[in-house]
Every structure is written in structure tokens, then in C-alpha cells.
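The lines below spell out each chain.
There are 2 protein chains.
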Amino acid sequence: MTEKSVVESSSLHRSELHTSISDPVLDTMNFLNEITLRYPEAISFAPGRPYDGFFETDEVLAHLRRYLDHLADRGASPAQVRTAVYQYGPTAGQIREIIADSLRRDEGIDVPPESIVVTVGAQEAMLLVVRALIRDPRDVLLVSSPCYVGITGVARLLDVTLRAVPEPAEGFSPADLDAAIRAERAARRRPRAFYLVPDHANPSGSTLSAAARAELLELAARENVLILEDTPYRLVSPSEPLPTLKALDRRRSVVHLGSYSKTIFPGARVGFAVADQTVTGDDGRTGLLADELAKIKSMVTVNTSSLSQAVVAGALLAAGGRVSELNAKAAGHYGDAMRRVLDRLAERLPEARRAELGVRWNEPSGGFFLSLSVDFEADDAALVRSAEQFGVIWTPMRYFHPDGGGRRAIRLSVSYLSPEEIDEGITRLLAFVADQTGRHRAGRGRRR
Amino acid sequence: MTEKSVVESSSLHRSELHTSISDPVLDTMNFLNEITLRYPEAISFAPGRPYDGFFETDEVLAHLRRYLDHLADRGASPAQVRTAVYQYGPTAGQIREIIADSLRRDEGIDVPPESIVVTVGAQEAMLLVVRALIRDPRDVLLVSSPCYVGITGVARLLDVTLRAVPEPAEGFSPADLDAAIRAERAARRRPRAFYLVPDHANPSGSTLSAAARAELLELAARENVLILEDTPYRLVSPSEPLPTLKALDRRRSVVHLGSYSKTIFPGARVGFAVADQTVTGDDGRTGLLADELAKIKSMVTVNTSSLSQAVVAGALLAAGGRVSELNAKAAGHYGDAMRRVLDRLAERLPEARRAELGVRWNEPSGGFFLSLSVDFEADDAALVRSAEQFGVIWTPMRYFHPDGGGRRAIRLSVSYLSPEEIDEGITRLLAFVADQTGRHRAGRGRRR
Numbered sequence: 122m123t124e125k126s127v128v129e130s131s132s133l134h135r136s137e138l139h140t141s142i143s144d145p146v147l148d149t150m151n152f153l154n155e156i157t158l159r160y161p162e163a164i165s166f167a168p169g170r171p172y173d174g175f176f177e178t179d180e181v182l183a184h185l186r187r188y189l190d191h192l193a194d195r196g197a198s199p200a201q202v203r204t205a206v207y208q209y210g211p212t213a214g215q216i217r218e219i220i221a222d223s224l225r226r227d228e229g230i231d232v233p234p235e236s237i238v239v240t241v242g243a244q245e246a247m248l249l250v251v252r253a254l255i256r257d258p259r260d261v262l263l264v265s266s267p268c269y270v271g272i273t274g275v276a277r278l279l280d281v282t283l284r285a286v287p288e289p290a291e292g293f294s295p296a297d298l299d300a301a302i303r304a305e306r307a308a309r310r311r312p313r314a315f316y317l318v319p320d321h322a323n324p325s326g327s328t329l330s331a332a333a334r335a336e337l338l339e340l341a342a343r344e345n346v347l348i349l350e351d352t353p354y355r356l357v358s359p360s361e362p363l364p365t366l367k368a369l370d371r372r373r374s375v376v377h378l379g380s381y382s383k384t385i386f387p388g389a390r391v392g393f394a395v396a397d398q399t400v401t402g403d404d405g406r407t408g409l410l411a412d413e414l415a416k417i418k419s420m421v422t423v424n425t426s427s428l429s430q431a432v433v434a435g436a437l438l439a440a441g442g443r444v445s446e447l448n449a450k451a452a453g454h455y456g457d458a459m460r461r462v463l464d465r466l467a468e469r470l471p472e473a474r475r476a477e478l479g480v481r482w483n484e485p486s487g488g489f490f491l492s493l494s495v496d497f498e499a500d501d502a503a504l505v506r507s508a509e510q511f512g513v514i515w516t517p518m519r520y521f522h523p524d525g526g527g528r529r530a531i532r533l534s535v536s537y538l539s540p541e542e543i544d545e546g547i548t549r550l551l552a553f554v555a556d557q558t559g560r561h562r563a564g565r566g567r568r569r
Numbered sequence: 122m123t124e125k126s127v128v129e130s131s132s133l134h135r136s137e138l139h140t141s142i143s144d145p146v147l148d149t150m151n152f153l154n155e156i157t158l159r160y161p162e163a164i165s166f167a168p169g170r171p172y173d174g175f176f177e178t179d180e181v182l183a184h185l186r187r188y189l190d191h192l193a194d195r196g197a198s199p200a201q202v203r204t205a206v207y208q209y210g211p212t213a214g215q216i217r218e219i220i221a222d223s224l225r226r227d228e229g230i231d232v233p234p235e236s237i238v239v240t241v242g243a244q245e246a247m248l249l250v251v252r253a254l255i256r257d258p259r260d261v262l263l264v265s266s267p268c269y270v271g272i273t274g275v276a277r278l279l280d281v282t283l284r285a286v287p288e289p290a291e292g293f294s295p296a297d298l299d300a301a302i303r304a305e306r307a308a309r310r311r312p313r314a315f316y317l318v319p320d321h322a323n324p325s326g327s328t329l330s331a332a333a334r335a336e337l338l339e340l341a342a343r344e345n346v347l348i349l350e351d352t353p354y355r356l357v358s359p360s361e362p363l364p365t366l367k368a369l370d371r372r373r374s375v376v377h378l379g380s381y382s383k384t385i386f387p388g389a390r391v392g393f394a395v396a397d398q399t400v401t402g403d404d405g406r407t408g409l410l411a412d413e414l415a416k417i418k419s420m421v422t423v424n425t426s427s428l429s430q431a432v433v434a435g436a437l438l439a440a441g442g443r444v445s446e447l448n449a450k451a452a453g454h455y456g457d458a459m460r461r462v463l464d465r466l467a468e469r470l471p472e473a474r475r476a477e478l479g480v481r482w483n484e485p486s487g488g489f490f491l492s493l494s495v496d497f498e499a500d501d502a503a504l505v506r507s508a509e510q511f512g513v514i515w516t517p518m519r520y521f522h523p524d525g526g527g528r529r530a531i532r533l534s535v536s537y538l539s540p541e542e543i544d545e546g547i548t549r550l551l552a553f554v555a556d557q558t559g560r561h562r563a564g565r566g567r568r569r
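Protein sequence lines, in the order shown, are assigned to chains A and B. The opening position of the first sequence corresponds to residue 122 in this note's numbering, with each subsequent residue numbered one higher. The opening position of the second sequence corresponds to residue 122 in this note's numbering, with each subsequent residue numbered one higher.
Bound-form chain A, shown alone:
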């Protein structure tokens, strides 16, 4: 064997790897990370991180202790308490009763613990549900677009066909989903499920109205398409949110996905799926969709960290199951930040100026994000110019459109900035927008 062949044997070509299967959405997110590292002094409206100012590291120890005491109070021996933290746990999770209790108190969702699967964040829950429901190449996953990159990622990972249902600026319309389902069936494909974030969506910030919720549930039941309802921002909402689709679901049309990353802490990586759908086998035996998810989970992560589950359970116990109350301060923080961003935008861009620049934005009632439409291509080049010359970073909305939309829109995240950063950031952002709009129009003028 020559030295050359030795070196060659150690090298892979990217085209041979599954990661070479191109996905414009995910590829560009890496670019955003690069920009953030390259311009550390820029004020960034990009990251959707929860604010950690209300967190004390020692809380983790207290939560863990509380859960262990809870087990002991319920009759567990010291050896059993040790096993609960130390060992592999049940694949579907060991804190399902506590989660079920919290869902009843907080969300009016009344499901048996057996219908819950505890996951490594909502991301793993998405993976499990999509893997369970998509069996063959005819099967299609529908998503509202713009949509969260996590679901796009799962589709890419599993080579699942994704169909985007465009969501207009005024909010998602069930009639558009209906049309998409019909078009897929006409093309001999099987629409299996529809993914959306009904409350304070990432990236758009929009919330589904009560009427649209009812209509969507009717549609899902009629067309036998499951709704995958993702809910990360609900319980850090500054005001009482609308009922979840799952709370309104009378026909088990909804798989509810939950995350404790915004409400307890992201470092735990604990989320869950509620999948109370009945599954019938050839032999007539029935089980729950949750059982099928657990089977898949055994091949992905085996089980969710017992330690993380213990800490999350301790936090839920501390709050008497009410995550909303646990998060009153955080919800206030996010509400204030959103209000401040909207106020600054309104003050600094009066109606006339707004019309002149062709700028509009929505007014989310909560959550981490809002969207701003502009009169120029909000692309990577514009982002680099914004970061370099104006010291402000944002996310091109096109990153969230699997269908190629959102070219003239940007996402602003409000969750992680101080009031002072918001004020200065909006000043910088509007200076950039004005300048870029002018350049764009001058360019358009020259091309005429």
C-alpha cells in the first residue's frame, strides 16, 4: 500500500454523505451563525434564546431534591429513589403523571399519562411523530410556511416529502390547507399531517384566531389528517392565550407537542408529545400512537435523561403544576420587550414615513418574534451589509420558507435583549432599512 492511498483512504467526499442533500433553509442558518460570530459588537435580533436573567443555578439542585423527596413521600425506598435518578428509565418517560397533571391545570388538556411520551426537547418529539406517520414515498407532511426550521430539518433527515401551505401576512387560513390537501390527493399523494405553531409562531409571530382553530379542527377530522400542534411560547405569554387545539380536540385529531425549554430551562432538554390516537393492528388489538412513538424513541435516544426529567418534575411540583405561574416574571419580560419593540418602531416610523419606505410589521400579542416586510431583497448580502455598516443583525425570513417565499421580509427576535439594546437596535435597524431601501430603488431606477 502506497503512502498516497493511505491518505486517500481517510478522506470522505461530501457528495457521498446524506448531509450533502441540499436544503436551502438549513444551509443558510449556518450562514447566520457565521455572521453572528463575525460581528460580535452588532446588536442581534436573531437568536430565539430564552432570557436567563431570572434563573438561579441553585434552583436546579432544589428542583432535583424536591422530586426525590416527592418520590420518598410516595413510598419509594432510598434504593428506589437512587434507581430513579441513576438507571435507564422507561422509554416513554418517568414523569408522565406529573406532566399530565400539569397539562390539566395549565391547559385544560385532559389526557391519560399513557398518551404522553417524554422526549429530548420538542425536536425529538417532531422526529418521532413524523417518522411514525410517514411510511412510504407517497406520504406527505404539510407545513404552514413560513415555518419553524426544526420541522424542515426532520423532513430532510428522514427524506420526507414536505409541502408548504403559504401563510399570508394576515394569518393562516384553513381554506388554503384544504386546497393543498386536495391538490396532494389529486397528485396521488397522501397528506398525513399538518404542522403548525398556533400561538406566537416562530418565525411569523402570528396567532391563530379562535374561529380558525375551530375550522382547522373540523377540516382535520373531515380529511383524516392529523394536526401537529407545537406550543413552545404559550406559557410565557404576557396574557391568557386562546385554548390549545388539543384542548378543543374532540376527535383525537391533534398530536400536541410541548417543550420545557422556554418555561423551565433549555439546558434540561425535556419536551413531550401527547399522542392519544388509537392505533388498530391487523389482529384487531388496539394501542395508542404514543406506544408507537416510544418504539421509535428506543432507536433514537433510548430514553430521556432521568436527571433532566427529575429536575423538570421538581420545577413542576414547585409550581403546583402551573407552568404559567412559574413563568409570570419571564412572561412579563417578553411582553415588555415585544411592546417596547413595537413602540419604538411606531414612534420612529410614523405612518407617512412607513408608507414612503414600504415597511409594515405585525403586532404579535406575545412570543419571541415579529415579522417586518421591507421593500428590498432581505438576503444574505443585505444581512452582511446591515451587520458590517449598521451594527445590527436580523434573520432573513426567506430562511423559513421551504417554498421560496419571504424574500422581502425579516424576522426580529425580542426575547434576549435588554431595553437599552432594543432602543439602540431599532435605531440602527431603521437606519439600515432606510438606506437599503434607497439603494434598492436607485438600483431599480438605473435598471429601467
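Keep in mind the hints are simulated off the structure, nothing from the lab. Take the hints with a grain of salt, since some may be wrong.
Any copy, or any two copies together, can satisfy a pair, since identical chains are not distinguished.
[Unchecked claim] No farther apart than 25 Å at their CA atoms in a straight line, the calculated lysine to any residue pairs in the SDA-like style are these:
(1) K450 to R226
(2) K450 to S198
(3) K450 to E155
(4) K450 to P540
Dock chain B against the given chain A, drawing on the hints supplied.
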């Protein structure tokens, strides 16, 4: 809408789900769990659980505190320490330096931290590596057979073609792998990687010899097939194990998979992959395979729990990076248990009786498992009879053969039993074996 259609809309048929894609290996594992629940009084040689008798719950708190102090000692502010536990962390992990250091001290594996991806146990690491390497339907994953069900599960989850390379009782032979690679290529498929557990394998208990290690590395480099080396039982070995394939790897032919589930604690769910292979893109830019794994991980679990990583890091720091020393007591326990099982078998089945019954077993130098061949069909019916009438449970070896082998062999796990349970369990097992062999021969006699 009628009441009937309402009910229908809530029900799924199992044949529509991905989990209906049959896999005899995994389906039967559920049967084993059922048996274990149905006969709680039986002594079980089935579960491969680590022994938790040396674990103190409070250690977790001490490990966490130690890691936080370590961060502070290295100049992190209290806010940075808080963020390290609270927030989402880097996708590839935040304790890679500490793991790299430990791999150097414990295993003589010298790799840069950038080549490590921290995962939710070795299971997620397998998923990431297989997903990265298997791009299209021509690609094939090779496994030694019998093999660990975790890798079979990943192949099933990702619809990956698996080819079993049978491992004879005397141990795995690289020549068989060579032949399998040639056969796959002749069938116009692309063998991409070969998975094995070189030390104290699950399920067989066998260990690859030094000569076979060298030969396997040569073969992998020559044929450009990566080796996926899984290593859960090495550092709880009662004696000094042979060098890992990765430590011997001069051509980056080996992706090393590690787990802290047997060495620190399973409840953390922390493992890792070492993937220092160079990946070259169309544009000539190079990166590491680890970077590609991290991209995939962002779609599976986003990142491994910061809390779990912190606790594992604290344990590694406590041991000065030497997991082997941390586990001296546990390794002694497992070594004693294996010795005791082998001694009881030898005592109670002298050579003559062994030959008469047609029973043989291997003598693993460590690990959790050994295999026993018998002269009857070791199937589900035999297992039920063993549990019900003899009060002893074991795992049919056929569960671990994707190619349908192992019909007359059983796996015994020694990790979780007390000395008294071992003695009594072996007595019961041999009574069952004698009885079942007699029945089997009587049946065979009648059929003649």
C-alpha cells in the same frame, strides 16, 4: 358529520405507520419485556443494566458543583456559569475538551476536541453516523451478527439496508467481512461502514484479538469502509483491555462511539462520537465528519442536555479524566459476577454431562454477557416455559441475528444480579436446560 365518521377519524391503522415495517429482531424484544413483567419472581439473566449499588444520589450534586467550580476557576463569571447550565449549548457539545482529555488518559486516543460530538447516549451517536454515511438506496451498512439491537434499530428507523456478517463462536473473522464487502460490490451496492463492539460484545461477550484488530484496520483502509467501533463495556473491564481500534487507527478509518452509561451513570444519557475523518466539498473546502454529525444532531435533539453534560464532566474531573479508575469497584463487581457464573456452570455441568446435553459456552474476559449454545430451539415458547416452570429468564440469541441465525443459543447477562441470585439462577437454568433438552430429543425421537 355523523357520529360514526367522527369516531373513525380518530383511529389510525397500524399498517399506515412506519412502525408496521416489520423487524423480527426488535419486535421480539418487546416480548421479552412482557415476560419479565409477567414473571416478577423469576431470576432474570436478561437485562443488560449496570449495577447501581455503588452509586450515591448525592454524587450527582457534587459532580455538578465540581463542574461549575471548574468553569469559575477558569475565569467564567457567575452569569457565564449560569448560562452554561441554563441555556441551549453548542450542538456538538460543551464538554468536548474534557472528553478529549479523558480519551487521551484512559484510551490513548489522541484527537482534537473538534472531532468529538457529544450525544444523547451512544444510541444517538449511531443514528448520526449511519444517517451521515448512508445517502442513497445503494448504500449498505455491514454489521457483525449477532449484533446489538441498537444498530439494527437505527437501520430500521432510517430504512437502511443492513447486511449481517456472521460471527462464528470462535470470534469475528476479518476474512468474512472481506467476502461480504466483495459480495455487496458484485451486487452493485456500496458497503459504507461496518459496525461492531470489539470488547466484550453485546450479545456474544466475545473480544476481538489483537491480530484481528490489525487485520480489520488494514481491510477497512484498503476497501475504504469505515469501522464504527462501539465501546460501552471497556472501562468497566476487570482487566486491562486491548487497545481500541481508534487508538490503533493510523488512517482515520475508525469512528469511535463512546457511552458513559456504564461508567458514570445511565440516567445522564451522555455518549459521544469521535469522527476525525476529513470531508472535502465540491468547492475544495474541508471539514470534519464530526461537523456533519453535528448538523444532523441539530435535527434530532438540538443539543445534549447541558445539565447532563455538566454532571458527566464533573465526574470526569473528579477522576482526573480516568474513567477506568472511577470504575475500579464496578469493574471488580462485574468481573466477580462473570467469574461466578462461569464457575457455577463449570461445577454443575462437568465435561461429561456437558457433552451429553450438547451444551457449550464461551468465557468472556469481562463485560456483561456470555453466550450458551444448547441442543434445542431457544425460542419464545422455550422462554415462557423456562420462566413459568423453572423461574428463570434469559434472552434468546436469535433476537440479535438480523440474518436469522442463533436459533440454539441464549444470552446470559451477569451485570445486575447478586451472588446469591447467580447461584440460584444457574441452578434453575441448568434444570431447565436438562429438561428442555430431554423433551426436545424425545420429540425428535417420536418424529423419526
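Copy assignment of K450 with E155, given that the CA separation must stay at most 25 Å: neither (32 Å within a copy, 46 Å between copies)
Homo-oligomer pair classification [P540, K450; C-alpha up to 25 Å]: within (15 Å within a copy, 54 Å between copies)
Status of R226 relative to K450 across identical chains (alpha carbons, at most 25 Å): within (19 Å within a copy, 46 Å between copies)
Same-copy or cross-copy closeness of K450 to S198 [CA-CA at most 25 Å]: between (37 Å within a copy, 24 Å between copies)
Hint 3 from the list above is the single one not met by this structure.
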